[in-house]
Amino acid sequence: MAFDSFSAFITMDGHGPYVWACYAVFFVLMLVMMIGSVRSRTAIIESCRRGYEFQTDKSKVAATSAPSASFERVNVSQD
Amino acid sequence: MHPIRKKRLTIVLFLLAGLSIAVALTTYALRQNINLFYDPSQITAGEAPLDVRIRAGGMVEEGSVKRDSESLKVEFLVTDFNASVPVEYVGILPDLFAEGQGIVAMGKLNSEGRFVADQILAKHDENYMPPEVADALEKASLTGEQSMPGSAQPATN
Amino acid sequence: MWQFFHKLGSPKWFFGISARFMPWLLAGGVLLLMAGVVWGLAFAPKDYLQGNSYRIIFIHVPTAFMAQSIYIMMASAAVVTLVWRMKLADVFVKAVAPVGLVLTFLALFTGAVWGKPTWGTWWIWDARLTSMLILLFLYGGVIALDRAINDEKSAARAVAVLVLVGVVNIPIIKYSVEWWNTLHQPASFKLTEKPTMPPEMWVPLLLSVLGLYLIFGWLACIRMQTEILSREQRTRWVKEFVMRGRS
Chain Y
1 MAFDSFSAFI
11 TMDGHGPYVW
21 ACYAVFFVLM
31 LVMMIGSVRS
41 RTAIIESCRR
51 GYEFQTDKSK
61 VAATSAPSAS
71 FERVNVSQD
Chain D
80 MHPIRKKRLT
90 IVLFLLAGLS
100 IAVALTTYAL
110 RQNINLFYDP
120 SQITAGEAPL
130 DVRIRAGGMV
140 EEGSVKRDSE
150 SLKVEFLVTD
160 FNASVPVEYV
170 GILPDLFAEG
180 QGIVAMGKLN
190 SEGRFVADQI
200 LAKHDENYMP
210 PEVADALEKA
220 SLTGEQSMPG
230 SAQPATN
Chain P
237 MWQFFHKLGS
247 PKWFFGISAR
257 FMPWLLAGGV
267 LLLMAGVVWG
277 LAFAPKDYLQ
287 GNSYRIIFIH
297 VPTAFMAQSI
307 YIMMASAAVV
317 TLVWRMKLAD
327 VFVKAVAPVG
337 LVLTFLALFT
347 GAVWGKPTWG
357 TWWIWDARLT
367 SMLILLFLYG
377 GVIALDRAIN
387 DEKSAARAVA
397 VLVLVGVVNI
407 PIIKYSVEWW
417 NTLHQPASFK
427 LTEKPTMPPE
437 MWVPLLLSVL
447 GLYLIFGWLA
457 CIRMQTEILS
467 REQRTRWVKE
477 FVMRGRS
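Residue numbers (the numbering used here), protein chains in the order written: chain Y, 1 to 79; chain D, 80 to 236; chain P, 237 to 483.
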């Protein structure tokens, strides 16, 4: 250790506020950036998955409603 | 490489070359404005304007600092080892201010060739070392060239 | 050789390969950075002149170094975008520009906080500080320009041209302290010369520079993956990747 005591480490001969402010801002910003990057990646995967599920749901609905549609069309043509 | 890509690459390179030349010429033309301060040689040669707020920079000459006992007034010589300019300043000096240290002073040059500063900034070099090493170097240089009165002491705050 | 180069441009290939490196980049980066920072803060000797305030160097130099080196990487990618029209190069520029912005801000901020106790001022308009501020605006401009243009291809080209134009600022930053007289001191680390400090100071500094470099690598990978996923949503491989991860 370059310091005699823990309080000397904190005060750093009066330069403590400068040094610790720098390190605090550095670590906060780095963490925010890292967590933000992970989150936006998870978010995009989530939204893709929801998109695909929506698509498959829609195609299922389209598949089941196909006969009724043709039925209606018959009705229309009879008109 | 595909001829189209080759063509694009040449265009990009020409763009970069042209741009660098333009910037180089501009910064060369503006070099005196980009320089942060006038050094003492320029000031004694009369290159610095009088009565305009300018900056002067250099080393505080060893043994030249005179502090007024009743006020915060300080006088010293700032030198680049070719010429030196007297500086006077009233106010609190930065922690790093010491004889043999680099400084940048802001203020006006008066007609007597004295620089009246209203702000003094300390300039340090790129050398970092532990206090013990600095002490050892100091001792070595003292024993090497006989002890000089008033030589710079390493300021340890 | 060109075949390998074009394979490198495939987003799918990048996605697979980057996933393998990422855990190592993150672990190594955090480890090295923490080692450098703890060593620098608590164990490195204090400076004979500045006392303990010089300990800011252990994050100031890494952030300033990364800010410039990210820009150089972006400029190389911009050349690739303009000449080869490679999608991945453009993805890289867009993914790392915000990282560069944050690191440039950090370099300026830590420099200002360091300047106050040593020089006696937070800010001075000398060549080094001003050119570094221009770098901050360049990063901001790149991000803004990209957001302003909706069409992906024209955005890519416009951004690449802006990045390339701005690259002339990099040698100005680097040599500003030698070409002009500045308040900022010259570099302590040079490739060709011995560092101007003893090993117990430069080893922790080197560790934190390397650590931040690796963390940047991880950030670049994860942000590029995000960008690739959002661009390639309609492709089959993205669908397979997303659904396999979730089912």
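You may find that some hints are simply not true.
Stated by the list, open to error - Examples of chain D residues lying across from chain P (beta carbon under 10 Å, computed):
(1) Leu94
(2) Asn206
(3) Ser220
Simulated from the structure, these hints should not be mistaken for lab results.
Computed from a predicted structure; not experimentally measured.
Note that the Cβ used here is the ideal one computed from N, Cα and C, for glycine as well.
Hint check against the structure, violated hint numbers in rising order: 3
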